[in-house]
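J.: Given next are the chains, with one letter for each unit.
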Amino acid sequence: MAVKDYLRQRFFPQIWCPGCGHGIVMANMIRAIERLRLKKDEIVVVSGIGCSSRMPGYLDFHTLHTLHGRALAFATGAKMSHPKLTVIVPMGDGDALAIGGNHFIHAARRNMDLTAIIMNNSIYGMTGGQSSPMTPFGKKATTATSGTIDHAFDFVGLARGAGASFVARTTTYHAKEMIKIIAKAIKHKGFAVVEVMSQCPTYYGRKNKLGSAVDMMKRFKEGTALIGSKKKAKHPDLIERGIFVDEERPEYSTSYLELIERLGNSTTY
Amino acid sequence: MRADVRFMQGNEAIVEGALYAGLHFYAGYPITPSTEITEILSERLPGTGGKFIQMEDEIASMCAIIGASLTGFKVMTATSGPGFSLMQEAIGYAVMTEVPSVVVNVQRGGPGTGLPTSVAQGDVMQARWGTHGDHSIIGLTASSVQDAFLMTVEAFNLAETFRTPVILLFDELVGHMREKVVIPQPGEIEVVERLRTSVPQGTNYHPYLVREDGRLPISDFGGVHRYNVTGLVHDMWGFPSSDPKVAYDLIHHLVDKLEHRADTIAHYKEYFTEDAEVLLISYGSSARSALHMVEDRRKRGVKVGLLELQSLWPFPGETVRKKCEGRSHVLVVEMNMGQIYQEVKKAVSKPEKVFLANRFDGVFISPADILRLLNVIQGKGV
Ligand code: SF4
Numbered sequence: 000m001a002v003k004d005y006l007r008q009r010f011f012p013q014i015w016c017p018g019c020g021h022g023i024v025m026a027n028m029i030r031a032i033e034r035l036r037l038k039k040d041e042i043v044v045v046s047g048i049g050c051s052s053r054m055p056g057y058l059d060f061h062t063l064h065t066l067h068g069r070a071l072a073f074a075t076g077a078k079m080s081h082p083k084l085t086v087i088v089p090m091g092d093g094d095a096l097a098i099g100g101n102h103f104i105h106a107a108r109r110n111m112d113l114t115a116i117i118m119n120n121s122i123y124g125m126t127g128g129q130s131s132p133m134t135p136f137g138k139k140a141t142t143a144t145s146g147t148i149d150h151a152f153d154f155v156g157l158a159r160g161a162g163a164s165f166v167a168r169t170t171t172y173h174a175k176e177m178i179k180i181i182a183k184a185i186k187h188k189g190f191a192v193v194e195v196m197s198q199c200p201t202y203y204g205r206k207n208k209l210g211s212a213v214d215m216m217k218r219f220k221e222g223t224a225l226i227g228s229k230k231k232a233k234h235p236d237l238i239e240r241g242i243f244v245d246e247e248r249p250e251y252s253t254s255y256l257e258l259i260e261r262l263g264n265s266t267t268y
Numbered sequence: 000m001r002a003d004v005r006f007m008q009g010n011e012a013i014v015e016g017a018l019y020a021g022l023h024f025y026a027g028y029p030i031t032p033s034t035e036i037t038e039i040l041s042e043r044l045p046g047t048g049g050k051f052i053q054m055e056d057e058i059a060s061m062c063a064i065i066g067a068s069l070t071g072f073k074v075m076t077a078t079s080g081p082g083f084s085l086m087q088e089a090i091g092y093a094v095m096t097e098v099p100s101v102v103v104n105v106q107r108g109g110p111g112t113g114l115p116t117s118v119a120q121g122d123v124m125q126a127r128w129g130t131h132g133d134h135s136i137i138g139l140t141a142s143s144v145q146d147a148f149l150m151t152v153e154a155f156n157l158a159e160t161f162r163t164p165v166i167l168l169f170d171e172l173v174g175h176m177r178e179k180v181v182i183p184q185p186g187e188i189e190v191v192e193r194l195r196t197s198v199p200q201g202t203n204y205h206p207y208l209v210r211e212d213g214r215l216p217i218s219d220f221g222g223v224h225r226y227n228v229t230g231l232v233h234d235m236w237g238f239p240s241s242d243p244k245v246a247y248d249l250i251h252h253l254v255d256k257l258e259h260r261a262d263t264i265a266h267y268k269e270y271f272t273e274d275a276e277v278l279l280i281s282y283g284s285s286a287r288s289a290l291h292m293v294e295d296r297r298k299r300g301v302k303v304g305l306l307e308l309q310s311l312w313p314f315p316g317e318t319v320r321k322k323c324e325g326r327s328h329v330l331v332v333e334m335n336m337g338q339i340y341q342e343v344k345k346a347v348s349k350p351e352k353v354f355l356a357n358r359f360d361g362v363f364i365s366p367a368d369i370l371r372l373l374n375v376i377q378g379k380g381v
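Those sequence lines, one after another, are chains A and B.
Residue 107 in numbering that gives the first Met the number 0 is what sits at position 108 of the first sequence, and the numbering runs on without skipping anything.
Residue 332 in numbering that gives the first Met the number 0 is what sits at position 333 of the second sequence, and the numbering runs on without skipping anything.
If we strip away everything but chain B, and leave its shape as in the complex, we get (with noise of 0.2 Å):
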């Protein structure tokens, strides 16, 4: 079978992502720089008989597609900054209730309004704790577009998996970057599937008695079995609750489930990690001037290495902390100011040899930016 190569934007990759994960429901509403998604898919999901909607709003956006993935399907919604902060009540409610749903942040430059077009990687912290309340997330990202197709996949699966929100945390110059695409055949990369409860129709089904493997199976509504979901603390019925003990397992159960699953959830890539004596950590599109100050130090003989995180949250520290030790310098490379570095910082056996390199003026970090930072650390001056 030929390959399909395609030439295509960020954008077009998360639909194309989810399109290929199963996606059958989304809501949306227009916002800069997501547009494009929404659009995308009001033309193609009618096209494969799945359903498309756009809301009033972002609250609605994600109340909606909330409501649909508990009829059994796959869904998702996009946004970005500001139409991020208004769903951060409804992915509460999807936390607590448990129900499987993607969330694409295409961030753009804040806080308010910001910068609507330029390039910013502002809501890592909004993506973990946007929300009120204990809990738990899984956040991913991608520096290429060949990624973002590929971390939308592992997103509705894992959101599967997990009966989770999962929040895409790409940027504006991934969502709007062209590159070649190699789109897999069906079945090439695997796609996981709503685990369905196997209590048969007349028997007692408790829809949050949580399993051994702290899995929930599910039955859909339309289903044989008729039960409550709500957003407030429940016992294993899905009946409100207000007693401690079901306070207490619940929420250590919500928080648990991802926490302590944080690094085989964990996704990164790794450049001339091996020998580095300096290792930089980036993520999105900033990890791309990252490689490529790596890859133009290396020519010099200068041993730096990269380690490109594609999950953020749940935050990986023992992977990182690992890949850290015995580097005599770790650089942060992003679009913020130092949101995952603090986490790097907590990580690390040595945070006095964390540092970060960044900008968030909207303008993209560049190469030289890096070099600068690091021919600081290395004592040669700016």
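So here's chain A without its partners, still in its complex pose (with noise of 0.2 Å):
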């Protein structure tokens, strides 16, 4: 199939802005999807509040647009009551990892089988353009119109150190990457993060002089490097890209069967 036999036509035109990351990451999503043959009947999208989070209304599976920054804790309970769905949230930083943040570590902890995927565009689109806790120290943003004094999360080391048994980071220049590590991602029997760095070039890119759309992705190029290679060893400075963790750990509603199991009973799923 096409990745237009994805798409719930009738609700087009997106609202995206011309040369947002968000459609660029709903693409690949789909191509990764459509890689593992996966049904759609046994899909479900899940996601909070934000620019990204409007991702799952033009996806034809089964799809819930919830409240800002509870997106894993929706999926939790799906997944839990219905192990056999294969559930997918894409999700904002802000979203995930603001007001999303206690969520994002005990969905990590817990290890049940979701999978995360974060547009990192390091700031709040939807809301016109306010830092996040991707914002990198200095940089613009309508709260932080001389440079934000935050700092950052380092987002690998906090899904790490909070228990993800999958992290991965991609960029919207890398498509065919990204739509490897996306379908590692879905196929991952735990919880699998995944960060997308994402251009905003409306408020991001505006705010911080990053040029267009396309000069935003070139920087995603440049700016980056596969971990462990050359490039990076060349150069220290540059963010990683690839695989970080990849580890089997019980996973929740895995274990919680064998539970009920253990207690000489069965289920409906």
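If you are wondering where the hints come from, they were derived from the structure by calculation, not from laboratory data.
None of these values were measured; they are calculated from a predicted model.
Note that CB positions come from ideal geometry on N, CA and C, so glycine has one too.
Label-pair restraints from in silico Cβ distances:
1) B/46 <-> A/160: 31 to 39 Å
2) B/367 <-> A/258: 46 to 54 Å
3) A/36 <-> B/242: 36 to 44 Å
To be clear about the criterion: a stretch of chain A counts as covered by chain B if any three or more of its residues have a C-beta under 8 Å from a C-beta of chain B, and this derived list gives those stretches:
4) 30–43
5) 57–68
6) 79–92
7) 255–263
Anything over 12 Å on all C-beta distances counts as not near chain B; from chain A, calculated:
8) 17
9) 179
10) 241
Using the hints, build the complex out of the two chains.
T.: In structure tokens form, the structure reads like this:
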């Protein structure tokens, strides 16, 4: 099937600005799903609030557009009650790591089989460009007009420390890599989280004079390097891309089903 | 068949009622005085093939049950005051998305952390208006352990019938009190199952197209109909819309589906009301003291009666108005500063005849407390 076969075209055009990275992530997520030959009826996509969280509405799966920061909590209920479903959670950086930070670390710790895709554009887009927990120190936002004095999260360190059993990073520039990583993340049995560096030319780009969407994507190319690559060795300041954590650990809903069995019972799912 | 008679705590009866009604998924977070519900279900649910999860907070608990309900199961969470405050955002989401869900609030003293282990009924208005925006909600309560069981079953039935969150507004005393309970045999009392759509696969299913009778047949996540659910104002597809007509119709539907049925949803009990000159109106554990006082006065020939409300929201105004008609006085008995008292005054034709006997200091209201007020309104001094 083509990407469009996974879309609810009735609801187009979508709301994203021209050049926004979120459409690229949506298309590549679909390609990853296509690659895994998953059935549409078995997929639930749960999001919170923000530009990126509008994604599920356009997708022809079971889709749930929830509250700011709470997507993982809703997803936890859906997955736990119906473990056969594949549950994917697209989120924004503010959504996942500020208001949703508590849910994020606990989802990671619990290791339930959910796939979180965090579109990190370093800003709150929907509300007009405020600084987020991923806005780098010194960068500008409407709530940090002289440059933020807040420090950004070390995303990989946070996810790893909280117990995520799959942690990866890619960017909107690296389409093939993104498809591969998202497919791996969905296949991973446990809590998988992928940070996708995504561009918001409208706010983050404009506030920080980063040029057009294309210019911003070029920065993703130039400013990142694969884990353990020569490029990274030569330029230690570059942001690493690739899979940082990929471990097997007891998955929560499986452990729960085992508990039911140990108690001599069975369940519908 | 021999009746299943047990001696148990209110919080245990809530668990039994939920399991009787078909509870499959529970998410919770410990908080006094509702913790026993979470503890007992952590043990009971896996044994019945059901699902239990302890979440990171009450916000997550409420969100998790909504997610689980959409996959086709009966769901519940339980909490108390501060946790109930945290749940309000997601309760509003369940109202807007019409997801069947049951929320137990075993009330304690407030505001803030208040009086964690004391009895109170201060969350009555929060149950009604705790979440933002125009909406309606169902709120039930009970004064005994047996009724806590029955009202819990009813909460699930109403949640399924109307696709709404239902609040079980118990109080610390009922939650922790131990009494005899008769557990009905399966099938003895009605258990309402979810109304599912009959639209076949391959045909357009409109998840939010309201049927003529006001109901919305559901399709479970994981089933053959793939649709969108959003907390934004949405059209019949479940897709966000800012069309004023869509918003108007949706808000009207959400409010009318319950408010127009307030008096059919109503649950109440009456004691000595027929010839009562003074009518007491009470609910929850306060109704126990009210009944005690009424029985005591009746022995002395005083014509008092009690209307015990078991459904507080939507407020059964028409029922209350009729029951109050022709009485010399109405005395509302509750453990807050008059939250239902105000509703009664709004409902009756002679609000100046309505009085309040209350306590809000963490001490259980006694028959003597109520009698003092009765004496005052009957002109017998303090
Ligand atoms: S504001 Fe930024 S993140 Fe939002 S749609 Fe526009 S470009 Fe994308």
